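> The primary structure of each chain is shown beneath.
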Amino acid sequence: MLYREAGQFKTSYQADGQIFPILQDRLALLALLVIAAVIVPLAASPYALSAILIPFLIFSLAALGLNILTGYAGQLSLGTAAFMAVGAFASYNFILRIPGLPVLLAFVLGGLSAALVGIAFGLPSLRIRGFYLAAATLATQFFVVWCLTKIPYLTNYSSSGVITAQPIVILGYAFDTPDRKYLLVLAVVAVMALLAKNMVRSNVGRSWMAVRDMDVAAEVIGFRLMRTKLLAFAVSSFYCGVAGALYAYAYLGTVEPEAYNLDLSFRILFMIIIGGVGSILGSFLGAAFIVLLPVLLNVIAHSLALPTSVASNLELMVFGALIIFFLIVEPHGLARLWQIGKEKLRLWPFPH
Amino acid sequence: MNFFFEVLIGGLLSGVMYALVAIGFVLIYKASGVFNFAQGAMVYFAALTCVGVMDKLGVSLWIALPITVAVMIVLGLAIERVVLRPLVNQPEITLFMATIGLAFFIEGLAQLMFGAQVRRLELPIEDVPSQYLMDHYNILVSQFDIMAALVCGLLVTTLALLFSKTKVGRALRAVADDHQAALAVGIPLQRIWAVLWAVAGLVALVAGLLWGARNGVQFALTFVALKALPVLILGGFTSMPGAIVGGLIIGASEKLAEVYIGPIVGGGIEGWFPYVLALLFLLVRPEGLFGEKIIRRI
Chain A
1 MLYREAGQFK TSYQADGQIF PILQDRLALL ALLVIAAVIV PLAASPYALS AILIPFLIFS
61 LAALGLNILT GYAGQLSLGT AAFMAVGAFA SYNFILRIPG LPVLLAFVLG GLSAALVGIA
121 FGLPSLRIRG FYLAAATLAT QFFVVWCLTK IPYLTNYSSS GVITAQPIVI LGYAFDTPDR
181 KYLLVLAVVA VMALLAKNMV RSNVGRSWMA VRDMDVAAEV IGFRLMRTKL LAFAVSSFYC
241 GVAGALYAYA YLGTVEPEAY NLDLSFRILF MIIIGGVGSI LGSFLGAAFI VLLPVLLNVI
301 AHSLALPTSV ASNLELMVFG ALIIFFLIVE PHGLARLWQI GKEKLRLWPF PH
Chain B
1 MNFFFEVLIG GLLSGVMYAL VAIGFVLIYK ASGVFNFAQG AMVYFAALTC VGVMDKLGVS
61 LWIALPITVA VMIVLGLAIE RVVLRPLVNQ PEITLFMATI GLAFFIEGLA QLMFGAQVRR
121 LELPIEDVPS QYLMDHYNIL VSQFDIMAAL VCGLLVTTLA LLFSKTKVGR ALRAVADDHQ
181 AALAVGIPLQ RIWAVLWAVA GLVALVAGLL WGARNGVQFA LTFVALKALP VLILGGFTSM
241 PGAIVGGLII GASEKLAEVY IGPIVGGGIE GWFPYVLALL FLLVRPEGLF GEKIIRRI
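For the protein sequence lines, the chains are A and B, in the order given. If you read the first sequence in the working numbering, its first letter stands for residue 1, the second for the next number, and so on. If you read the second sequence in the working numbering, its first letter stands for residue 1, the second for the next number, and so on.
Isolated chain B, as found in the complex:
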């Protein structure tokens, strides 16, 4: 039974990391209807920039971090200005494809600047089993994962406060509800989008640091976006709580499936199991767990 709980908790905690990436997607999709495929590339870019700055300038994490934050904000603003503004009012699918192009561009740019080799990223938290849980419940859970979950919780709380308490947040929600109505009452749409992409860049940075510290900063980080997709399908593309709940479900079920079903069918099912799970779920509820009910009219 202990083993089951270990797998379950490990899965839930890795689900938190998926949720972190999924939140970046939700932020942008909700407010601008853009399905941002480049989120994974942004995660990679953020992590690589942070490590690269530390390497090239020989500075510590605490100096590299603000520099990376600045870079991500500039990147967000640039994306809004160069890619999205000329594409306003195009069909969703065009915008989606533009973000695929964007993903390629960012991946190339990141590797061009800092090289493609795998790098270590040292965060001040160690990836060792938590002593407390081991002593009291005899369960092995990584301290790092717990810390990551806490960071994720903090981030979500901050975002929630930002959305509900500040003027920019209210404007963001207005834009998410209805672009044209928001424009009509004088909300500067383009500035809001720029803020949004910058925030998405920061979320990508947090995700990039955590994932990078876990698995090393490498190109595989861009595939994190692919992990976040089933989470989004399950939770609904427009819901932040959906991203978190979806992340937890996907993380837990994926690890459990790998451990308990994997050996029967030959292993390696982590790659597609979340998708199939999400797909089966969609057949029951096409808009995801927390997604907005889609009403279609002619």
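Okay, chain A solo, but in the shape it has when bound:
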């Protein structure tokens, strides 16, 4: 009875076209945002904010970016971390070279730089597909990290190759404590998630899905393949770039290029697999899962007093096993479970 849309009639085009057509969804999202923006910063400890919630939000954003590319446009990519690195290092350089540049604008510019790199490395996708493309995106991963390590200009000639992110100041208001940083990240992620949600149901999103499902057919019925694929690469890289900038500015503080290694790319890939490929909600669920799982495993290992080497290897094994388990049991990820839950709620209390 809780989740029933009976009686919710749409009487205008506007009502018919809204993002969340069901009243309960809108209320739940609003409640969630209020809790996240008001109650969480008051209630959560600085540790929870800076070690769990901020990375969760940032990884959600990166996963969102990868999900646009892989889940919606069907182009498998293993270079997510490289795009994040471009976003972070570009933002750093923009703030450094242009005095007085607003931080948020620098993030946007960082994202745009990542989008440019994304387009450049997305070009091969016009000729090759599938695993060949996945292997080719590895080139992005290695090349970008190599560039950032080898070109001293990009790290402002710092001797160790490590950059220290400038303090975030917006309109004279410094975002320097965990709760302020959290709110900033939350705002950015909420806005961008909403944009993504809207984008994937627009004609852009539909053209991505058409290309994903069968690109030859999509081309035949008139989608411009090149434009669609490159747009997917650009938008996806933009999201990853902004996530990378936030990763450097709101989470780590000091970054070296090696922080954006292949391992990070894989972790974000796992987020979308476990969360659900081709689902906005899935990006968040997957990120929560991957961020929380090591914390949980750590707690368990600690309570069992396992040595750290054993614990870290067990973590690897549990990670791998869970991925396989998920793929076997629910290939569509946590988002699909949520969807099934909603279907059940619709029928509740009558099972038929």
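Honestly, the hints are just simulated from the structure, not real lab data. It should be emphasised that the depicted structure is a prediction, and the values quoted were computed from it without experimental measurement. Backbone N, C-alpha and C define an ideal beta-carbon position, used for all residues, glycine too. Any given hint could turn out to be false.
To be verified - Partial selection, computed: residues in chain B whose CB lies under 10 Å from chain A:
(1) 90
(2) 269
(3) 271
(4) 290
To be verified - Chain B side only, calculated, beta carbon under 10 Å to chain A, not exhaustive:
(5) 86
(6) 87
(7) 107
(8) 110
(9) 232
(10) 237
(11) 241
(12) 268
(13) 283
(14) 291
To be verified - No farther apart than 25 Å at their CA atoms in a straight line, the calculated lysine to any residue pairs in the SDA-like style are these:
(15) B/30 <-> B/177
(16) A/197 <-> A/339
(17) A/150 <-> B/189
(18) A/150 <-> B/276
(19) A/197 <-> A/186
(20) A/150 <-> B/260
(21) A/344 <-> A/5
(22) B/30 <-> A/214
(23) A/197 <-> A/9
(24) A/150 <-> B/280
(25) A/150 <-> B/266
(26) A/150 <-> B/262
(27) B/293 <-> A/213
(28) B/56 <-> A/314
(29) A/150 <-> B/267
Guided by the hints, dock chain B onto chain A, whose structure is given.
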């Protein structure tokens, strides 16, 4: 000029080692359409098991080797049973991701059993320059590398014979051609896959021993898989000769680039040069050197 040839030959011989790993990929991809990302982890697992057994039981290489072979076969069978069978008929990308999970699992398992420290692996061949080549042509080439190339050649010949002369080999080729047709004429698909993974495990063992003896048995061995990827792109995912030729090209060009282009741009280009090379090649020929021509229909 001598230096050039030394670099070239050294590159070609290290390319042989890449090819060895790439063959493991090709075996599985060709017959089951699974892009096995766990091949690198299997290489590590094999080498570590061999060294670990020698350590823990205090036995010689010749006793540890059969034990490791048995372990690899069991591992192959287990992978087929636990991971692949429930995933039959899923899209390729799902299977690929499952093998990434598998890679994590195997890496964790290997280190849990035998520890993560770097270990030495002594093979009965020494890593010294070959005296004969030094005397006659004044070129420094490691004896070990030549031996590795010979082993690789032997392995490929064995595999080729296995595929062309035995019943299992014929079944393997049938499955590679068309799963459903193979099933229809009564070839037990799952048993063939199990055999295949076991063989891939053995190839991983050979690669693991050679690489392990070269660089020490350590976690970095898993990155061998990343080295094999450009080889695969270049040679085509479905072709064994492609893996070898691709390996040679990648090995040689990578070393030459590092020596001749590296100093100009700051060095360390070995990491990405093969990928960029393979990528440029793909733009010309999207299916790789020996890959099957992809025909796409609606």
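> What hints, given by number in increasing order, does this structure fail?
4, 11, 17
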